[in-house]
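Novice: Given chain A, work out where chain B should sit, using these hints.
There are 2 protein chains.
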Amino acid sequence: MKTYKIDERSRKYRFGAPIETESLVINSMQKMTDNTLKYFKLNRKKNQLQFIYKMSKSDIVLGLGENQRGMNKRGGLYESFCSDDPVHTPDKKSLYGAHNFFILDGAEKFGIFVDYPSKVIFDIGFSQADELNITIEDENLDLYIIEGEGPKEIVEAFLVLLGDSYVPPKWAFGYQQSRWSYPDSKEIERIADSFLQNKIPCDAIYLDIDYMEAYKDFTIDEKRFPEFKEFVEKIKNKGFRLIPIIDAGVKIEDDYIIYEEGKKNDFFCVDEDDTPFVAAVWPGKVHFPDFLNPEARRWFGLKYKLLIDNGIEGFWNDMNEPAIFYTEDSLKKAISMAKDSEDKNLDINSYFNLKDQFSNLINNVEDYKRFYHKIDGKKISHYDVHNLYGHNMTRSAAEGFKEIDPNKRFLLFSRASYIGMGRYGGIWTGDNHSWWQHILLNIKMMPALNMCGFLYIGADTGGFSGDANSQLLIRWSQFSIFTPLFRNHSALGTRSQEPYAFDDESTNIMKKVIELRYSLIPYIYSEYMKAAIKKILYFMPLSFEYKDEMSKRVEDQLLVGDSLMITPIYEENAIGRYVWLPEDMLLCKIKSHQDTRCHVYKKGHAYIDVELEETPMFIRKDKMMILGKPAQNVEKINLDELKIIAFIEDGGSYTYFDDDGSTHSYKDGNYSEILIEIKKKAEEYIVDVENKGNYMVKKIHFEIIDIEGNVIEKTVNLTK
Amino acid sequence: MKTYKIDERSRKYRFGAPIETESLVINSMQKMTDNTLKYFKLNRKKNQLQFIYKMSKSDIVLGLGENQRGMNKRGGLYESFCSDDPVHTPDKKSLYGAHNFFILDGAEKFGIFVDYPSKVIFDIGFSQADELNITIEDENLDLYIIEGEGPKEIVEAFLVLLGDSYVPPKWAFGYQQSRWSYPDSKEIERIADSFLQNKIPCDAIYLDIDYMEAYKDFTIDEKRFPEFKEFVEKIKNKGFRLIPIIDAGVKIEDDYIIYEEGKKNDFFCVDEDDTPFVAAVWPGKVHFPDFLNPEARRWFGLKYKLLIDNGIEGFWNDMNEPAIFYTEDSLKKAISMAKDSEDKNLDINSYFNLKDQFSNLINNVEDYKRFYHKIDGKKISHYDVHNLYGHNMTRSAAEGFKEIDPNKRFLLFSRASYIGMGRYGGIWTGDNHSWWQHILLNIKMMPALNMCGFLYIGADTGGFSGDANSQLLIRWSQFSIFTPLFRNHSALGTRSQEPYAFDDESTNIMKKVIELRYSLIPYIYSEYMKAAIKKILYFMPLSFEYKDEMSKRVEDQLLVGDSLMITPIYEENAIGRYVWLPEDMLLCKIKSHQDTRCHVYKKGHAYIDVELEETPMFIRKDKMMILGKPAQNVEKINLDELKIIAFIEDGGSYTYFDDDGSTHSYKDGNYSEILIEIKKKAEEYIVDVENKGNYMVKKIHFEIIDIEGNVIEKTVNLTK
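Chains A and B are the protein sequences, given in the same order.
Counted the way the UniProt record's numbering counts, the first sequence spans residues 1 to 720.
Counted the way the UniProt record's numbering counts, the second sequence spans residues 1 to 720.
The shape of chain A in the complex, shown without the other chains (with noise of 0.2 angstroms):
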């Protein structure tokens, strides 16, 4: 093992020579003499790797990314390693996502960075209630422990190593409809008449696979969407943008140019023989082009300027885990299983083995060992790289966008994911159910995802799979206004969820709470956006801001920004819910971003009644939130006047952030911010504003509201 001192917080651990992930982004750091791994046990085997935490009672462990279970994630057996699977119960030990990073709160304090890219078990209480335990199978590996004085500066130090985060176009952060599929113009225009109808708000429609021919990557079905380039036009002249998916797998079919390409450039991944990889994806046969292989990276990147050309400007990356519905030579043992059971009386044993092969067949781990990528001229396993693979094609994507505009922001998210690919794209947390469980299970991942550097985050709302009924979809996306990401999808098959999908009461409510969501972007884009440039969370748990044991313990409220508190409804028919308040708060309900009222809550718990149609929200003591006005998408919303709402004790201040939202300027500086800053002198409010470089604001009505309720109103014009 060697030691490495990256700075004042960081540590790295070497063990043997692994795989360079390129997860972190470190520029320098110091080989260190002094060798004895803080914290954990080491446990070292022949092929295995094991580190050991003795837990106290009190102690909490938050992280690990997409995963299951609670934000604190004692009690539970996880499997780091990216997996397909679309039924995400509580027991399931892998998602789509690699997120390896995990802080232990309590007796002690760190956190810990297990970049290793094929299979970790973290077994965290699970097998004893007392002990965390991490286990690779090889004894290669980086392993990274950061310090410092709590959670939230432990993250903060992590976030640092990751490098700048991704940020997508402003228009991003409007709603955005989606399902497999919509599946011609006729169809998405259909979509996008809807809502100019019905007058909700939208950005962006999707295209899932259907838009493609046959499935193939970057192609389009002419009988389906003739005129694709003019149809884009159209579309984006409603007032939308439509999102192509692009999958992993590449067709096998003659003259497909991107499988002539990639099969005449090597750019495949191998069998053992050196022959490209065959597995069945939607396509049925496809070859996986070899993200590892930084030519064939550039190529695949570059290939997305087919999309672009036609006015594309957002994509989403899918089936890269990679998923494999079948390989051939596991489908013929299973066919040849079958018809050596013919007029067999099968005893019940082999009536299951029978049905499981079958089953079985689908993302099938030995699969992933059956190919290879080629990382510096060697062959490596796929195995041993997995976690790698979506990751590396969305930063394929990435880099291509870069080379193709360089200064324009694109939409890009992906779903199977390792630390690191923040810094090329957000992700969406797969295929989830139409559950009340997975709202809950939504809120709990964000704040995890945040720590393991992903901001550009959300989850299918209403649910992929399953039906949903329209009070599901109204309380799910009062918690998705709140996610950069807010994105409405549903799978083949199960009930349309649109917006204006059920009753005239749901639309309406819909319509207000998607309102909200454009009220909200000045916040919440000034919010992402200070987070992504200063390496701080959007999302936290209250434990991050709050030290008393109960903030420790609440699952299911989060911290938004700077500013604000919530306390989604996840459970079917509630009326209201229970809120712990670590400190004095100020609860507005919202039914529309004309019809806020706000309370004053006392520290402590309470029983908060939140009708269907309210959006609760906690502005936390000397904080205040910013609202601006809806419109039909983000370029039409109007910032001439924002409104703030201010809970003041003493006084506080707030930076709104503001850019193009178009472009990479921001990282040169170029961008505005208003800085306001309000004082309590006396009985008096004193509210200062400091314009710089906002062109945009003219004014800002303020409503201060005090400790006791009162209510202070003010407007400040704005000055350049």
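Among the hints, a few may not be true.
The list makes no distinction among identical chains, and a pair is therefore deemed to hold if it is satisfied within one copy or across any two copies.
Cut-off 30 angstroms, straight-line C-alpha distance, at most; resulting in silico cross-link-like pairs (DSS-like, lysine-lysine) [what the hints assert, rightly or not]:
| # | residue 1 | residue 2 |
| --- | --- | --- |
| 1 | Lys285 | Lys332 |
| 2 | Lys333 | Lys285 |
| 3 | Lys602 | Lys589 |
| 4 | Lys547 | Lys591 |
| 5 | Lys285 | Lys355 |
What the hints contain is simulated information worked out from the structure, not anything from laboratory work.
Predicted model, so just to flag it, every value in this text is computed and none were measured.
Specialist: Only chain B this time, still in chain A's reference frame:
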């Protein structure tokens, strides 16, 4: 439609000429001239009846027995169709039971029982938020509408129609240990000895399918259980009953007596050609006894004697939906499709077709349309009476017991059920998972099952499928100590979850939790017996006793018997929970029967701290809880001295019931009661104890706690 008046509260509406389910016990009723159907709008189509009710905003819907979602069933779509589905995700529309009774509590108040033995669809605000819609694909139906002042009165009126409840022997209120499987006598003995060594109380150990010879009903595998009768005796001498499983399907095997007799007497369900229908389940190919044919039912029921003669006193009836792993036809079709697919370049739809052909073999609804019953000489499609199958298997056993040993109480419960089966046995809630969410589901189901006439109920504590951790087992057990059936059961291949299977600390906690169950048996048994005799509920939602709006909304607290409100912990790592107190109550946090800490809580919302080793329970105002002392098993409980904790403002009374615990003599009035009354007079508490025939209890220690938390202790010696 014909309308009948059953009594002041209940009416029957007959549509067409439905199959008699014999679910209710109605001695007489009067035909009415007024034929208006109350509450519902009737939509009559060819082969379809649809009943529609417009719900008010404040309406809640309770009941439907074994089903997913909330205690309040609004928002859900339910299909009443007994289903062996082992993955109880929130979207499952059918579980094992068909429990077509619910009450609407809101603007109007009524109960409805849809007495129909095939599929019934309940759309309770799923399609339309304010519409309740009941649909059957038939024109023949019995419908019952029950009225009353409130939900409790409605349910009690319904329970009267259900007849006398099943009552198990008293030892069946002890803790019971199960696993699929303890496969041989050696393992069973090891389990028994482990309980004795750890001094953990236990009354029964289960025999899952592996005790049989080749899964043949009423056989014993003599290799694994040599000298079975002696072994049963030996284990009974150690203090444990053995409870074998009985499956619905009878193995097709020459010279197997059950098969031969069934075939000879035409006791099996037949296919279209009148030959016994073949399906495959655990034993491989089986025939299904036609439990709807009274002769076949009697024949099968008397077969239990084969095991009873070996000393067996309890059974669980399983696989009686009936579960079907496959039928020959469907398997042949799947295999032939596989053959046809060989060496073809399958497109992705053909591949999924092939795969689905195999995955849909199990419990395929089409198979239920392929076989027939004989009812009154008529051949009836199984599909049309599907929901009566498990019901009548259990009736078969119960009627058998009555003939075999008329006055003896046997333990009997079933997986599949229909309303009315509560006369013959209990139910367990089937193959759940080791998911925290399934503790909550368990909590929500219990009162709904009670409403449908099932009193002896419980879930697989710790979860059947999946792996439990120690905390889950502890928290689940802290709830299960209140369920009449308290059984720990887990599946093949899962982690062991006996109470001593984890670390020492967990073993110690589990020992105290199970001991607490035994301390509570005086209360639990007393309340169970009173519920059975008086036809009242054992578990109730809060709204049955409290009329405030909050009590209608609480989904995770239950009233248990006359005195208790329970508030289980069902979230991982929780250190407490929120509680709604509809009136002042006394919280007792119990670490062991000797360590009960009680505090008065005022009406309103509260957050209560609950350590892992604490079981919380509230004693309602002017009510009392009885505690005895634990023992290794129920028969060893010493009832000499009881302790009563009473929470008294003005005064309260309690009737303590007991009987021989083993016979049906209680029906003839052969039971004892102790009538306890506590009256407050000035600052004094007067305790009145009247003993009506109890020869066990010598002394009762009273701990009377007043509204201020003052404790008054008294001891009363009992006279006969």
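Novice: Hints first: check each against the structure and report whether it holds.
Specialist: The hints, checked one at a time:
1. When the C-alpha separation of Lys285 and Lys332 is checked against a cutoff of 30 angstroms, the pair qualifies both within a copy, at 14 angstroms, and between copies, at 28 angstroms.
2. When the C-alpha separation of Lys333 and Lys285 is checked against a cutoff of 30 angstroms, the pair qualifies both within a copy, at 17 angstroms, and between copies, at 26 angstroms.
3. For the identical chains of this complex, Lys602 and Lys589 are neighbours both inside a copy (16 angstroms) and across copies (28 angstroms), given an alpha-carbon limit of 30 angstroms.
4. In the homo-oligomer, the alpha carbons of Lys547 and Lys591 lie at most 30 angstroms apart only across protomers (29 angstroms), although the nearest pairing inside one protomer, at 32 angstroms, exceeds that limit.
5. For the identical chains of this complex, Lys285 and Lys355 are neighbours both inside a copy (23 angstroms) and across copies (16 angstroms), given an alpha-carbon limit of 30 angstroms.
Taken one by one, the earlier hints all hold for this structure without exception.
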